[in-house]
Amino acid sequence: MSSEKTEQIDVRYVANLARIDISDDECAMFQKQLGSIIGYIDTLRDINLDTVDVENLDAIDETYLREDTCKHSLDQEDLLRNAPESAKGQIRVPKVVDA
Amino acid sequence: MELSNQSITALRKQLVSGDISSADIIDSLANAIETKDAKIGAYLSHDIDTAKQEAAAADLSLPLGGIPIAIKDNINVKGQPCSCASHFLDGSYTSPYDATVIGKLRAAGAILYGRTNMDEFAMGSTTENSALGNTVNPHDITRVPGGSSGGSAAAVASQSAIAALGSDTGGSIRQPASYCGVVGLKPSYGRVSRYGLVAFASSLDQIGPITQTVEDSALLLNAISGVDPADATSLTQTNVDFTDSLNEGVSGMKLGLPKEYFGDGIDPAVRSKVDDSIKKLEAAGAEIVEISLPHTEYAVAAYYIIAPAEASSNLSRFDGIRYGNRVEDPTEIIDLYRRSREQGFGPEVKRRIILGTYVLSSGYYDAYYNKAQKVRSLIKQDFANAYQKVDAILSPVTPNVAPKIGADKDNPLQQYLADIFTISANLAGICGISVPCGKITSDSGSELPVGLQILGPHMGEQAILKVAKSVESSN
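Protein sequence lines correspond, in order, to chains E and Z. If you want our numbering, it's the 1-based position in the first sequence plus 46. If you want our numbering, it's the 1-based position in the second sequence plus 7.
Any given hint might turn out to be false.
[Claimed, not checked] Label-pair ranges, simulated between beta-carbon atoms:
id, chain 1, residue 1, chain 2, residue 2, range
1, Z, Thr-245, E, Arg-138, 47 to 57 Å
2, E, Arg-138, Z, Asn-12, 45 to 55 Å
3, E, Asn-62, Z, Lys-261, 51 to 61 Å
4, E, Asn-62, Z, Lys-20, 53 to 63 Å
5, E, Asp-96, Z, Glu-454, 44 to 54 Å
6, E, Tyr-59, Z, Pro-354, 12 to 22 Å
7, E, Ala-74, Z, Asp-283, 42 to 52 Å
Read the hints as simulated data drawn from the structure, not as lab findings. Quantities reported herein were computed from a predicted structural model and do not represent experimental measurements. Glycine residues also receive a C-beta, built at the ideal position from the N, C-alpha and C atoms.
Could you build the full structure based on these sequences and the hints that come with them?
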């Protein structure tokens with residue numbers, strides 16, 4: 047089912063929501079590619095699904111909770127080794143809250 | 008001694024009898040990697056020295072004792088790099104823990120020595136989206152191995168791996184297995200723990216084996232399956248030895264052919280090999296039944312709403328804060344996120360995150376995501392209805408043989424549409440296996456593998472392994 051339909055999305059706006067910078071070239075490329083992809087997935091808009099109940103749809107039929115007990119997770123040293131910047135057992139980040 | 012071209016079953020026999028040692032296998036493997044991988048590019052990294060140490064200490068009484076298994080680079084192995092073939096994690100992330108499947112492989116005696124190439128964060132169908140290397144199809148080096156588990160499939164196909172693990176979200180084990188002429192199994196959703204698999208789409212992902220033989224696939228499934236408290240989506244299951252019923256044959260089985268999977272658009276040469284395979288199954292005593300999966304035409308659209316939506320959520324953890332490559336001199340926190348992600352992610356990953364964010368965004372959630380989930384439940388129901396009539400379902404894995412490198416590079420939608428036969432199994436949570444069923448001679452004279460897909464009901468791996476064994480035996 048090929049699609050000549052395209053949909054215009056505001057790629058820059060959505061990329062901002064997703065916290066990803068994109069270049070002007072990328073923006074233009076994604077505008078075109080995502081336009082045709084969304085044009086294709088839009089085929090679902092035409093189907094009437096009012097009677098389908100989403101509640102019971104999951105592939106998982108079983109859920110359970112574990113006992114609420116504390117146990118050792120992972121070693122802090124191992125985890126901090128992967129941090130881009132760390133000090134005093136903590137991960138360093140730029141200041142987030144203005145004084 | 009060439010040992011890397013032998014199956015796990017054959018090697019285990021020789022290990023237990025003392026005819027070979029685990030060190031012999033590692034030596035043979037190291038030689039195969041050295042002579043072949045410069046051309047194939049299946050591996051992102053390997054550590055033969057540590058593998059030799061582990062081989063020397065191998066406990067041969069364990070089911071996989073002394074056997075080396077290659078691991079797709081999105082599965083955490085403690086102390087090894089885990090890059091997901093992405094610049095985001097390359098050179099900066101060492102796994103601080105073992106994925107549950109890795110713990111299980113270790114407990115079964117396996118040696119984990121190497122990490123295979125993949126499409127970045129498992130997003131892609133050719134392994135061309137890897138940011139860290141190129142992998143080619145061992146049967147024709149001008150063609151792709153498939154994806155996203157292309158490295159694992161190419162390693163096994165070129166016998167520079169005995170067996171490997173991959174992951175499958177929309178076909179990423181079955182399709183490269185088909186293109187590379189090896190066996191690839193996507194277990195039922197919930198069969199295998201996802202703890203330690205870097206998540207792409209949490210309701211679709213499964214880890215599974217890529218192997219030279221069907222029996223090896225069953226052996227690895229034995230080792231990695233089981234409920235896991237660390238994965239709430241894993242299921243309590245009956246203890247089964249998946250090698251048990253392998254040789255029972257297909258006599259008396261009802262095998263369905265969904266008419267929607269046998270229409271136009273399939274390469275006639277592929278169709279011919281698949282048809283031959285079906286005839287052989289019929290000759291072996293199976294009854295072939297035409298069935299319908301009426302909502303098939305909506306599967307790709309539903310998948311390319313649900314998977315990117317879940318991916319946009321899952322990949323928000325890659326923010327440059329706790330791990331991964333952080334951008335230099337961020338002006339403030341949002342700038343840190345934006346530029347770290349801009350630099351770290353390749354175009355396909357960005358494309359899918361943006362698509363996923365869009366379909367979940369305010370004003371669009373009902374039109375897209377909710378609708379896709381409803382379609383998904385209809386697809387699941389299609390299979391449930393079919394399995395009232397048949398024991399397993401047969402189809403091509405892909406409409407084509409392995410494409411040339413660079414084909415459809417600028418047309419992602421065309422790549423997505425080729426996922427048509429594999430995607431529904433992930434949406435429905437059922438199991439599926441790709442088994443080689445023949446080869447086609449290309450214009451250049453290379454012999455390109457074709458796979459037959461066998462889909463089973465949820466938790467129905469025994470049935471599909473039995474059918475796959477029959478196909479393999481008649482090849």
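Status of each hint after checking the structure:
As the Cβ distance of Thr-245 (chain Z) to Arg-138 (chain E) is approximately 50 Å, the hint placing it in 47 to 57 Å holds. A hinted range of 45 to 55 Å for the beta carbons of Arg-138 (chain E) and Asn-12 (chain Z) is consistent with their spacing of about 50 Å. In this structure the hint that Asn-62 (chain E) and Lys-261 (chain Z) lie 51 to 61 Å apart at CB holds, the actual value being about 53 Å. The hinted range of 53 to 63 Å is satisfied by Asn-62 (chain E) and Lys-20 (chain Z), whose Cβ atoms lie roughly 59 Å apart.
Take Asp-96 (chain E) and Glu-454 (chain Z): their Cβ atoms lie about 51 Å apart, and the range 44 to 54 Å holds. Between Tyr-59 (chain E) and Pro-354 (chain Z) the CB atoms are about 19 Å apart, so this pair conforms to the stated range of 12 to 22 Å. Distance hint check for Ala-74 (chain E) and Asp-283 (chain Z): the Cβ-Cβ separation is about 47 Å, which falls inside the suggested range of 42 to 52 Å.
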